[in-house]
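K.L.:
Work out the full structure: start from the sequences and follow the hints.
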Amino acid sequence: MKFFDKVIGDPMNRVDGKLKVTGAARYSAEYQLPNLSYGVVVSSTIAKGRIRSIDSRAALRAPGVIAVISHENAIKVPGWADNEHPTEPPTGGRPLRAFYNNRVYSNGQPIAIVVADTYERARHAAMLVKAEYEEEKHETNFEKNKGKAVVPAVVKKNPKSGLADYERGKADAYKTASVRLEAEYVHPSEVHNPMELQAITAYWEADDKLIVYDKVQGTKPTQQAFANEWKIPVQNVRVISEFVGGAFGNGLHNWPHETAAIIAAKMVKRPVKVMLTREQMFFMVGYRPYTWQKIGIGADKDGRLTGIYHEAIGQTSSYEEFTESTLQQSKMMYTSPNIGTKYRLLPLDVSTPIWMRGPGEATGAFALESAIDELAFALNIDPVQLRLMNHTDTDPEKNLPWSTKYLKECIQVGAEKIGWSKRSLKPGGVRSGEWLVGYGMGVGTFGAHRGAAAVRAKLLANGSVVFQSAVTDIGPGTGTAMVQIASEHLGISPEKITFQLGNSDFPQAPNQGGSATVATVGSAVVATCQAMKERLLEMAPSADKRFANLKLEDVTFDKAHLSITRSPSVKVAYTELLKKQNLTELDVLQDSKPSQEASKYSRYSFSVHFAEVHVHPMTGQVRVKKVVSCADAGTIVNKKTAANQMIGGVTGGIGMALQEDAVMDHRFGRYVTKDLADYHVPVHADVPPVEVYFVDKPDYIVDPMGTKGLGEIAIIGVAPAITNAIFNATGKRIRELPVTPDKLI
Amino acid sequence: MIQFQYTRATAAKAALDAISRDKTAMFIAGGTNLVDLMKRGIVSPERLIDISRLPLTDITTEGKSLKIGSLALNSTVAENKTVQQKQPLLVQALNAGASAQIRNMATVGGNMLQRTRCHYFYDTALPCNKREPGSGCGALEGFNRMHAIFGFSEKCIAVHPSDMSVALVALDATVVVDGPKGQRRIPFIDFHRLPGDRPEIDTNLLPGELILGVEIPDNRFAKNVHYLKVRDRASYAFALVSVAAALQIEKKVIRDARLALGGVAHKPWRLSEAERALVGKPVSESTFREVAQLAMKGAKGFKYNEYKLKLTPNAIIQALKVASKLV
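First to last, the protein sequences are chains H and X.
Just so we're aligned, residue 1 is where the first sequence starts under the numbering used here, counting upward by one.
Just so we're aligned, residue 1001 is where the second sequence starts under the numbering used here, counting upward by one.
Keep in mind the hints are simulated off the structure, nothing from the lab.
Here are the computed lysine to aspartate or glutamate pairs in the DMTMM-like style, where the Cα-Cα straight-line distance is at most 25 angstroms:
id	chain 1	residue 1	chain 2	residue 2
1	H	130	X	1046
2	X	1303	H	675
3	X	1303	H	742
4	H	170	H	300
5	X	1039	H	279
6	H	743	X	1290
7	H	579	H	544
8	H	144	X	1306
9	X	1064	X	1172
10	X	1321	X	1285
P.N.:
What follows is the structure, given as structure tokens:
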């Protein structure tokens, strides 16, 4: 593959593409079990207080209604009994317990579920449930309560946590730099709005046997969570999540509607299907938290950074701590000898946030990459040059060499492809008709993580191979990538390979999240292929004695045949070996975990995004005209799905920069922009041509395929690229997202 | 959504009879707004009378006006050659509204009758005088970024969301209706009303009346029109501010003008005084700046929509510049 190969080439189509476009793929709300009933969640309309009573009489009289379940009549979840009467949540908190007591912790919290024989009847009856409350004073206003931010409990417990205050050199050294600035940045709450709404179908096969078809990012972690809740053996819980219609992090946590469905299924003794409404997605299944940041940054006159100080306060709920690595990029991206970071949390009477693509790193990069741009302007240095000057050749935080890092190359190619040379150092210097033209860039980085996983493979007599893993595919094309890896490592064409996933009965895999799936599960596929090849070689002498006493490296595995590398005419088909041994199948299960060697390196993926933006000076309207994104993500397994991820990340970044804003009316502690008419995400007309380039150089420190994660770096750095371009176009520095037209006139 | 009866009317007369017999009934055509309102429990008709098959879809020219049936689809009107030729401003406004899919369902009559998109109106857990008279206006002291700067009352600061109606009010359209009082004609400018003390009433259409169509008198604006819609994204969003501008220009002098705003009031906001001020003036940016200032007389912003006091005149200037081909 060529270095910086533009993404048009020989990318394999998605193995499940046809199923998805024909509607044959089944999502969690699409399983029609016998005797199925439908649950609709009733949400609180106050932000804090106690439920005095729930009047379900009208709902119970409504046609088709089977049950109305609330804290007044819900069965007790056995796993919650260990901590039955806490006056306050434990340190660090815990997830909200559905129908546990009469407490209301946030507006829109589930307070009841109506179960009926059809979805429409359940939805109608849910509107008839009336709750009376004893309201208490709520605090939802971040800006008003900012002073009450606290050290995260996770840091109190573990002062060595990556979220603890960090100092390298002197945290406030920037204050004495010859060129310096301080700025505050605000990122509003952004709500998860994947195409597929959160949905679960729960079914108790027996008193202690649970099946859930659930929209999650990990079948195994969910299986464990529900086994703990219901105190049943883990193998008695089966979690199926075969197709996920986008998740972006919101399936990394089990939410109260899931337990509500399971409680309801137990009580009505029928399968219960629950699908949230779009509005409910805003209130109970996580969001990117409102985050305030402050950066102090300084450099000498030549542009060498002398200090960065980065502080962040993120919002969380009053009952559960949510933290993310907002400040990580500031610790290791640039060469400054002096770095300080400080991370705090502000608990409010809102629901718990959760990771949203990129997660905290994307929020943090908005501040850091904006500040770098502001500094470049103050220094009168090109932002490309400033970043290259302060590039780190080793990780300054961990004092370790990078496993691989090709960020410089990314920056150089990106600058060329966007036409950076047309950029004026002075804002407002370029016009296209009436429109002001600006160019901006933002850099992103995210840990190249790899976890442990196991994969099973079965070679069948007809020559096909079925692989199995509990991993989910939330959209990036995991199944497709795994088929490609398996094809290469087993010497079998992709058409012969099936990769089954999304079922907790399959071998262990972690959540799909943190850009780690290809590295984690792909490595297990490689290990399984290796183990299968060993088995085939053991069997080979039964077909041809010349294979006796050979080692793997003496043998070529290609086109479903083994051959002796030095005498290729000596070959035997895999299926022939099964026949000789009278086997109907060859079953191999292998696990895989990161190497010790990897810990000697600092492992990150890198990206850079360049944007050309036009701004209308009279109306404040912004049009992103072109984006060029370059990624250093190791080996690219599938250039089509990888480019698809990058384009999706850029689209999310455009939303972050220009549109997404979950606005709360603090008098009620309730969102007011809570449907897709008011909560804007980019439409096609907002997304320009996105050119994607990959370095495509392997990183074998991370994993045997040489891959590094891609999902997060696709969005990290996009928003500041756009806001920096807006500054370059207009001279206006908007530090509070999103940058809507009203802020630019 | 409550249970409701559904009947389909085959003639206008039958539809009028059906609605006169049932006070809880409502007409439904494209349903692009009504169905949402029903799902959210904002309106609860016990009977829906489907008028979408009534023969009120014709687009014809008669004498010196263009007649558009109330059940003509937004997309059909926008694609009609006669409309494109005679009333390009209306075409621009229609195409600025909603999405292609919605325009394929929405009718002209339904577009006029769509309810406000105020956040408080749509959330039954929050106060709204329009939805529940006497409950208070949530937006007045709340998140009022999308709200009115003209013609509002203490009871309601919501805006009318239609784009099409902004063009129709500018183009001196007339609404033709039939009902208990027989057929009558309502000038478009009087069709929608200001909130006053009765924000629950959006229009002067009487209970039991059916819109038959709209008529637009011929004009000489076709060469110099522009519908400018400023919104939070490139498509599929309601207007922060929109401007319908139509000019008749002879030898660089404005002979006649029409100007109306959307997204600023409880009704499409016609700027008659500004129109008069344009007549006889040369086409120039300074003319447009003066007129834009005049148009803002009486405007008042709230906490989150102060920006409209600047964006609106900017948008007026910009729309006039494009209409007059200054840019």
